[in-house]
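S.K.: Since the structure of chain A is already known, use the hints to place chain B on it.
Respectively, the protein sequence lines represent chains A and B. Oh and the first sequence: position 359 is 358 in numbering that gives the first Met the number 0, straight run, nothing missing. Oh and the second sequence: position 171 is 170 in numbering that gives the first Met the number 0, straight run, nothing missing.
Careful: at least some of the hints might be erroneous.
The list makes no distinction among identical chains, and a pair is therefore deemed to hold if it is satisfied within one copy or across any two copies.
Restricting the straight-line Cα-Cα distance to at most 35 Å, the calculated cross-link-like pairs of lysine-lysine (DSBU-like) are [unchecked claim]: (1) 393 <-> 10; (2) 8 <-> 331; (3) 335 <-> 302; (4) 286 <-> 331; (5) 331 <-> 302; (6) 256 <-> 69; (7) 53 <-> 26; (8) 280 <-> 302; (9) 8 <-> 409; (10) 334 <-> 265; (11) 282 <-> 302; (12) 32 <-> 393; (13) 147 <-> 32; (14) 44 <-> 8; (15) 256 <-> 409; (16) 286 <-> 334; (17) 136 <-> 335; (18) 409 <-> 32; (19) 278 <-> 147; (20) 286 <-> 44; (21) 282 <-> 26; (22) 335 <-> 32; (23) 331 <-> 282; (24) 286 <-> 302; (25) 69 <-> 280; (26) 302 <-> 334; (27) 136 <-> 302.
No lab work stands behind these hints, which were simulated from the structure alone.
There are 2 protein chains.
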Amino acid sequence: MSNVGNKVKVKYFGSEYEGILLESSDKNMHLLKLTNGYNVGLPRKGSKVEVLGKANLGLKANTLLITKNKSLPNVSLISTGGTIASHVDYKTGAVHPMTKPADLLGKIPELKKISNISVSAPMSIFSEEMNPEHWSKIAGFVARELNKDEIRGAVVTHGTDTLHYTAAALTFALEGLSKPVAIVGGQRSSDRGSFDGGMNLICGVHYAISDIAEVATVLHGTSSDDYCIANRGTKVKKLHTSKRDAFRPINTVPLAKIYPNGKLEKHNGYELRHSRKIKVKSKFESKVALIKYYPGMSPDILKCYEDYKGIIIEGTGLGHVATTTWLEPLTKLIKKGIFVGMTSQADYGRVDPYVYSTGRALTNHGVVYLEDMLSETAYVKLSWVLGQTNNIEKVRHLMVTNLRGELSTKSHPNAFLY
Amino acid sequence: MSNVGNKVKVKYFGSEYEGILLESSDKNMHLLKLTNGYNVGLPRKGSKVEVLGKANLGLKANTLLITKNKSLPNVSLISTGGTIASHVDYKTGAVHPMTKPADLLGKIPELKKISNISVSAPMSIFSEEMNPEHWSKIAGFVARELNKDEIRGAVVTHGTDTLHYTAAALTFALEGLSKPVAIVGGQRSSDRGSFDGGMNLICGVHYAISDIAEVATVLHGTSSDDYCIANRGTKVKKLHTSKRDAFRPINTVPLAKIYPNGKLEKHNGYELRHSRKIKVKSKFESKVALIKYYPGMSPDILKCYEDYKGIIIEGTGLGHVATTTWLEPLTKLIKKGIFVGMTSQADYGRVDPYVYSTGRALTNHGVVYLEDMLSETAYVKLSWVLGQTNNIEKVRHLMVTNLRGELSTKSHPNAFLY
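Chain A with its partners taken away, still in its complex shape:
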């Protein structure tokens, strides 16, 4: 029987922890909310749980119901988990996913002045647990919702850890995207004063009813609550572990600034909303790797990737590795039919094989230089491309073809450290 919500004392190897037992995403762990607000995880194995008090889990019937307002646009919210899509029940300390529209509206009443929101929750997981199968599932949900005539746009809530990877995945999987998709997360949980998920959701809904038919991350643009920035799903990275404005555009500027009052300042070219149906191409290949190179890295590790279909090397500078030791084993992989692409661990800028002999040697041997594509986007794109075709020539061609704004011929002058 579950003790979730109960006040408990957990004994674990001589230490005692008192708190409220939370729902744990890891079935091998107890998750406990301590009185100091921190959550601790304790392995079930070796833990002894003593119940100190019973939970009061009965949620009050929320009086805020979705009263559909015909003058407002309809937005579909797809909840996948993460900090933003949870709320802390102050009676029990338990973290609940906000799967009930009433929960959501109760938390952020402004939302119902902007749109009618329907909620679905295909999963509820920490975003570090996301993998290509989850991307497929989310893409399917989003397309199903957006292909309903009455839906203006979608908002996906997601943990921030890998939010940018999922943003890229949805961008590729949703072909002919006709409506806006905002991916929204929160860096601070809703039991903290600095909770950012509320404003991000409001801005996300404003984005979802806009005319920008692109997948974009929508989160704080500054460390204050001034505005959010919408960044193209293929051109964004989480650059800070905890700041609310952690998501920054790379080699470009945001698509738009979005103020909580609905004001939308556009800063970039974008795809326009249209009425054609979206095609879902949600197959991702799982035998794809992203390998960050470092000085002294032994090429022996490449032997472990011989059964992979594709590899992105996050090289140094303009796209380099030590060719004296790496050229031969990389060439071997390429000759086996494995795609090898090159990006840079310098976040900004573009790789270029023509400046130094190192790059030239690599490109001559079949390593494909991926211009100004982010490493994370390149990994996602390669997984997606290999899900669509096994023809290596097609793969090589598609990887250097700009499909979803992931490649740009020149950088915006204000892009560096935007």
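M.R.: Just chain B now, with coordinates in the frame of chain A:
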């Protein structure tokens, strides 16, 4: 017999390339400077070289000799290769390392107004070829020079690709550093109008005669030629593939701004110059890995690291991986006595195992969270620590102890995207 400097035509699988044959760092490749300025590398195997014209390699005896000026400080320049330490001979197109002081002074006459410079060149390689053995060698050279009473400081010239890794390596290897060490590179070669190496060298020499006894990277602070920034060797990353101001401080601000006229604005606390001798601790362990995590990454890859002594995981967000699949194999490695440290692929901020159950589970199983240490620095530090001791408890202790400014308890408010 070498054809370096000769005008040649190289035939390679049906294509013909005409240009000046350059010195190649890769013994399997011909390196050719085409008339458009680009360098191409062509595999020796399968290439046919036809000499079109003989080189004129005889360097003119340079009239600029080092006339030692007793009123100026003495600086030791250690050249390791890379774009900055090369110059293009316009007669031949060949790239030569600047190992002769006269070459250097001839290029940047301002230098001899600031200091008397002695030059040594322990190696001449592209920086992507650097490995821990090179770090040891450079550290030995730097210490030998700095332990001479008459030397005020050192300037190391280095390719920019892995300059920040070497900066961290020297920081750890030079214990009790008593004098400044500037690591200087160039993003643009000296045959381009935007050549940055000259100003970087001038600023590097100004740094080397300052009172800051730290290893610092010294490169452009802006995309113009206004000033350089000196960044602590353990807190700096190359964030752009090609911009001249690519090297940025992470989680801190620069140690100093340095203007080419010698003006030095200090922005940060630093170690002060002293007269004690430097101890060289230049042993680095090579069985150390840096692994960047990505969604869907199979933990099977960890099997390839079972003979390693230490691993840095570049996790997501606050320092996470998918514990559902990774916790067990990571625990296995840790039980074998392999050190596993956690950093974040979000460049800025700090990892924290106490916010979510994921982090708690990892830390409970022995993964060591490395605060606000850069992944690159963590890799270098772990290689160095394991070079000093095999005692795993000592390793765990040293990795979370601030030895060279690599860990800070709080971030500077202006640090993000500085």
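S.K.: Against this structure, judge whether each hint is valid.
M.R.: Going down the list of hints, with the structure as the test:
{"no.": "1", "hint": "393 <-> 10", "verdict": "between (58 Å within a copy, 29 Å between copies)"}
{"no.": "2", "hint": "8 <-> 331", "verdict": "between (57 Å within a copy, 29 Å between copies)"}
{"no.": "3", "hint": "335 <-> 302", "verdict": "both (12 Å within a copy, 22 Å between copies)"}
{"no.": "4", "hint": "286 <-> 331", "verdict": "both (17 Å within a copy, 24 Å between copies)"}
{"no.": "5", "hint": "331 <-> 302", "verdict": "both (10 Å within a copy, 22 Å between copies)"}
{"no.": "6", "hint": "256 <-> 69", "verdict": "within (27 Å within a copy, 60 Å between copies)"}
{"no.": "7", "hint": "53 <-> 26", "verdict": "within (21 Å within a copy, 74 Å between copies)"}
{"no.": "8", "hint": "280 <-> 302", "verdict": "both (31 Å within a copy, 33 Å between copies)"}
{"no.": "9", "hint": "8 <-> 409", "verdict": "between (59 Å within a copy, 33 Å between copies)"}
{"no.": "10", "hint": "334 <-> 265", "verdict": "neither (46 Å within a copy, 53 Å between copies)"}
{"no.": "11", "hint": "282 <-> 302", "verdict": "both (26 Å within a copy, 28 Å between copies)"}
{"no.": "12", "hint": "32 <-> 393", "verdict": "between (51 Å within a copy, 32 Å between copies)"}
{"no.": "13", "hint": "147 <-> 32", "verdict": "neither (41 Å within a copy, 59 Å between copies)"}
{"no.": "14", "hint": "44 <-> 8", "verdict": "within (15 Å within a copy, 71 Å between copies)"}
{"no.": "15", "hint": "256 <-> 409", "verdict": "both (22 Å within a copy, 30 Å between copies)"}
{"no.": "16", "hint": "286 <-> 334", "verdict": "both (17 Å within a copy, 28 Å between copies)"}
{"no.": "17", "hint": "136 <-> 335", "verdict": "within (31 Å within a copy, 38 Å between copies)"}
{"no.": "18", "hint": "409 <-> 32", "verdict": "between (48 Å within a copy, 25 Å between copies)"}
{"no.": "19", "hint": "278 <-> 147", "verdict": "within (13 Å within a copy, 71 Å between copies)"}
{"no.": "20", "hint": "286 <-> 44", "verdict": "both (33 Å within a copy, 33 Å between copies)"}
{"no.": "21", "hint": "282 <-> 26", "verdict": "within (28 Å within a copy, 43 Å between copies)"}
{"no.": "22", "hint": "335 <-> 32", "verdict": "between (51 Å within a copy, 32 Å between copies)"}
{"no.": "23", "hint": "331 <-> 282", "verdict": "both (27 Å within a copy, 33 Å between copies)"}
{"no.": "24", "hint": "286 <-> 302", "verdict": "both (14 Å within a copy, 16 Å between copies)"}
{"no.": "25", "hint": "69 <-> 280", "verdict": "within (33 Å within a copy, 73 Å between copies)"}
{"no.": "26", "hint": "302 <-> 334", "verdict": "both (14 Å within a copy, 25 Å between copies)"}
{"no.": "27", "hint": "136 <-> 302", "verdict": "both (32 Å within a copy, 30 Å between copies)"}
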